[in-house]
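K.L.:
Sequence:
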Amino acid sequence: MHTPLIRRIPLAIVLFVTGVATVHADDAVVGTGVSTCDEAALDVALGQLYPGANFPGGTLTFNCGPSLKVIPISNRKSLTGATIVDGAGKIQLDGQNSTGHFAISGAESRVEIRGIDLAHGRAVGGNGGAINIASGVAVVLANLVISESSATLSGGGVHVEAGASLRVENSSFIDNFAANGGAIASNGALAVIDSAFWYNTADGGEGGAIEQWFADLSLVDVNFNGNLAHRGGALLLRGRGAEFASAQRVWFDANTATDLGGGVAMVDQAALIGSDVRFTRNHANYGAGLHVSCVMTGNGQPVTVGCAAILNNAVFEANEATFVGGAAAVFGLLPPMGGQYGMLHLVDARIAGNHAGQGGGIWSRGQLHLFDSVFDDNSAVRGGAMSLAPSFKSDEPMLVGFAEITRTEFVGNNASEFGGAIHSVDALPLLNQVNFLRNAAPIGGAILSQGFIAPLTKASFIDNIAAAAGGALYLQDNGSIQFSNLSFSGNRATDVGGYGADIAAESSGSVGTLPTQLSMSHSTLVDGHADTGSSLYAGGPSTSITLRNNIVLGAHEPSCVNNSPILSADGNFMPASCQPALANDVTVTTRAELGLSNLSNALGRLQVLVPQPASALIDHVDCPVGRDTDARGYAVPVDWDGDNDARCDSGAVERQPDEPAAILILFRDGFESGES
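So the number in my numbering is just where the residue sits in the sequence shown, counting from 1, plus 23.
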């Protein structure tokens with residue numbers, strides 16, 4: 024955790040040690056009542072502090088009556104040394120849109136300003152509409168309201184030079200304006216606690232509320248609402264200080280970037296660690312909630328991590344991007360391009376109700392790591408929950424961009440064209456314990472994959488819908504790919520002539536593409552509905568699907584339709600339309616013959632269908648080399664019949680000796696319930 028560089032200075036005295044002598048600070052009071060509190064009285068009081076009877080500084084207070092007193096000022100006041108300015112919540116200094124309020128300078132100066140409203144400050148041709156903090160100074164702002172102040176350059180409210188530090192406590196920044204850093208532009212260490220930023224604007228480019236450059240940043244219990252910039256509607260984080268920037272219990276709501284990062288934009292190797300951060304109702308062209316950037320340096324150049332965000336228990340809700348990344352956009356590199364790629368790491372995140380042209384939840388070409396998270400009700404033209412842009416070339420050795428997705432749910436997402444949950448083009452979604460439930464698109468209800476895709480394993484596809492093709496998965500021009508430990512149930516292709524309720528695999532035959540040749544093992548595909556292939560469809564030049572140790576049975580025949588080959592490699596339970604031709608294949612015609620439970624997640628995260636005790640699926644086949652676990656992650660094989668000959672069950676799930684009754688348990692967000 025970042026340790027604030029500034030500590031509160033005692034109210035009455037500041038001790039300076041020179042040899043063994045102790046020197047006491049001066050005090051000064053502005054006014055002797057309401058009628059005496061004006062700029063002249065303020066100047067007189069400051070004159071008592073500087074140079075001071077003992078040394079520069081002291082405590083400045085106000086005697087201006089019991090109610091709020093507005094004091095117009097005509098020039099910026101200088102603070103230095105060890106100084107406290109305390110307005111007790113009853114003073115407003117009004118810059119009259121002609122001057123800033125304070126200039127704070129002096130090497131090793133320690134200044135605290137509290138209980139004052141600073142309004143209508145202005146820095147013409149300069150920085151810090153209300154306050155400018157010079158290098159070498161440490162400042163605390165507590166219980167302040169800084170409003171309607173502006174700077175031609177940076178920091179409509181406050182500007183912090185490199186080598187200075189600022190701590191803000193229990194303060195508000197409202198309707199401030201600058202070219203960059205509408206409320207605060209900081210090149211020094213910045214800590215903000217229990218504070219709010221409302222309706223600040225950076226019209227020249229960066230950081231509607233805060234622009235932070237190459238220095239430490241700590242945000243705790245901070246709200247950003249209605250701020251506006253070209254990049255970083257609320258926060259522009261550029262580079263990093265000695266430590267990663269940190270954010271705890273921070274809320275970015277209804278901020279706007281006309282380019283990227285409606286809530287937060289990260290550039291130049293910025294790094295952020297956060298917990299309990301919320302992004303809601305933000306807007307941008309790219310990355311409405313969060314934009315994690317990268318730098319491309321040229322073909323063959325070194326590849327390193329650039330910007331990185333690590334967030335625990337984050338919420339992205341109702342954000343909207345015009346082009347990509349409704350919740351977040353993670354930019355990256357396409358080999359052989361070198362440079363710095365972006366990385367986003369989310370744990371226990373909820374991404375809900377976001378929208379974009381591509382990647383309603385997340386768009387990524389960089390590195391994406393997702394654990395124990397939920398995507399629900401996101402929408403896009405392509406990739407309702409997620410769009411993975413090209414990040415892999417088969418003839419390049421580098422593996423730069425990928426999406427590691429573990430123990431995560433995709434529920435009720437939709438796309439108006441392709442990929443209700445995920446749209447993947449030459450990308451690498453790496454799945455482990457992932458459920459796809461009730462996602463929808465015209466093509467590829469859960470996933471549409473074009474070009475290379477990593478092996479898919481340990482995932483469930485339940486009740487997804489495509490209009491035309493691929494109720495769960497639509498595959499095109501993928502080359503040689505392998506799927507295993509997958510479960511499919513109740514997926515649909517609903518159009519008249521719709522095809523491939525579970526999987527539709529096709530090849531375009533276009534120049535430069537590879538035909539889809541899918542090898543699938545130990546997967547369960549049941550209860551699909553489509554006119555043409557209620558489970559599987561293979562079509563197009565040189566397309567093929569090869570099945571080993573699977574269960575395939577659509578809700579009606581034909582389960583398999585093959586304009587291109589669908590082949591058995593043995594050990595399958597499937598109907599005649601799928602051509603079960605080898606010795607250990609079993610032809611089935613009804614669901615009852617399989618002896619499967621209803622959907623259950625009693626053991627593990629996945630919704631699966633478990634072989635019941637008397638099922639012929641149990642111990643049916645020898646385990647393939649390399650298969651160590653089933654779809655739920657349990658070790659295989661299990662010697663269920665006790666004959667000392669442990670073999671694998673056909674399908675995705677290995678029945679366990681202590682297998683509980685099948686039950687569908689509520690997810691943490693209440694998406695499913697029921698039992699069987």
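Check before you lean on any hint, since a few could be wrong.
[As the list claims (entries may be wrong)] Between beta-carbon pairs, the in silico distance windows are:
#1 Ala639 with Ile686: 43 to 51 Å
#2 Thr327 with Thr612: 51 to 59 Å
#3 Arg272 with Gly321: 56 to 64 Å
#4 Asn322 with Ser97: 33 to 41 Å
#5 Glu440 with Ser298: 29 to 37 Å
#6 Gly563 with Asn322: 28 to 36 Å
#7 Met319 with Pro588: 37 to 45 Å
#8 Ser565 with Arg272: 52 to 60 Å
I should point out that these hints are in silico values taken from the structure, not numbers from a laboratory.
From the three backbone atoms N, C-alpha and C, an ideal C-beta is built for every residue, glycine too.
K.L.:
Cβ-Cβ distance between Thr327 and Thr612: within 51 to 59 Å?
P.N.:
57 Å, holds
K.L.:
Could you check the hint for me, namely that Asn322 and Ser97 are 33 to 41 Å apart, CB to CB?
P.N.:
59 Å, violated
K.L.:
Please check whether Met319 and Pro588 have a Cβ separation lying inside 37 to 45 Å.
P.N.:
The hinted range 37 to 45 Å holds for Met319 and Pro588, with Cβ atoms some 42 Å apart.
K.L.:
Is 56 to 64 Å respected by the C-beta to C-beta distance linking Arg272 and Gly321?
P.N.:
Because 41 Å falls outside the window, the suggested range is violated.
K.L.:
Go ahead and decide if the range 29 to 37 Å is satisfied by the Cβ distance of Glu440 to Ser298.
P.N.:
36 Å, holds
K.L.:
Given the range 52 to 60 Å, decide if the beta-carbon distance of Ser565 to Arg272 lies inside it.
P.N.:
55 Å, holds
K.L.:
Does 28 to 36 Å hold as the CB distance between Gly563 and Asn322, or does it fail?
P.N.:
Given about 33 Å between the Cβ atoms, the range holds.
K.L.:
Kindly confirm whether 43 to 51 Å is satisfied by the beta carbon distance between Ala639 and Ile686.
P.N.:
24 Å, violated
The structure shown violates the earlier hints numbered 1, 3 and 4.
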